[in-house]
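Starting from the structure of chain A, add chain B where the hints point.
If you read the protein sequences in the order shown, they are chains A and B.
First residue of the first sequence? That's 1 in the UniProt record's numbering, and the numbers climb one at a time after it.
First residue of the second sequence? That's 1 in the UniProt record's numbering, and the numbers climb one at a time after it.
Derived from the structure by calculation, the hints contain no laboratory data.
This list has only true hints and no planted wrong ones.
All copies of an identical chain are treated as equivalent in the list; a pair is satisfied when it fits inside any one copy or across any two copies.
Simulated crosslink set (DSS-like; lysine-lysine; CA at most 30 angstroms straight-line):
1. 38 x 95
2. 60 x 95
3. 60 x 49
If you want the building blocks of each chain, they are given just below.
Number of protein chains: 2
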Amino acid sequence: MAKKFAELEARMSPEAREQTQALYHQHLQEMPLHELRKAQALSQETLAKALNINQAAVSKMERRTDMYISTLRNYIQAMGGELEIIATFPDGQVKIENFAHK
Amino acid sequence: MAKKFAELEARMSPEAREQTQALYHQHLQEMPLHELRKAQALSQETLAKALNINQAAVSKMERRTDMYISTLRNYIQAMGGELEIIATFPDGQVKIENFAHK
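Next up, chain A with everything else stripped away, as it sits in the complex (with noise of 0.2 angstroms):
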C-alpha cells in the first residue's frame, strides 16, 4: 500500500503535491453535526420530518458522542450528503466498504 501512494506523489511536481496536500486538507474542515445541518440550512424539525422521527430525538442525536453507523448514515443522507469511512495511516487513507450498501 505505502508503494503505491509513494509512487503516485512521486509522478507530481512539487508545486502539484503541495496544492493536493492545501486543497485536500481544506476540503475536510471539521464540523459537529449540528453546525453541517445548519451549513445546509435545515432545521432539526425538517430533517425530523425526513427521518420519521421527532424533533427531540434529532437534537439528542446532536449531541451524542457514538453512534451506530446506519443511525449516521441516515441522518448525513436526509440531509442530501452521503456518509464515508475513512480509515488513515501514515502511508496513506483508504475508505471502509463494509458499511457502504446498507
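What follows is chain B alone, placed relative to chain A:
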C-alpha cells in the same frame, strides 16, 4: 460552503485541479476491514490481543455491516490507523467532529 470550495478550486490551474482529483480519488481505494487488516500484515489473533478480545470476536466484527463508531475506531486504532467520518455533499466534504475525541 459551496462558495468556499468553488473559490479554492478557481485559484488552481486546470492541470492542478485534475491532478488533485485523480490523487484524491486514488487515495481513497475501497477495502473491507479484513482486507485492510491483511494489508497491514496483521492476523486476527494479533488484533484480538491489541483489543483485549478473542479471535472469534474479531472475526465476527469483520463480518458486521453495522456497528458503533467507537467499536470501529478501536479496531482501526489497533491497526495503527485513525478513523475519520466524512460527510460528502455535491459542493464539498466535511469531517464530522462529534466522534473525534473519544
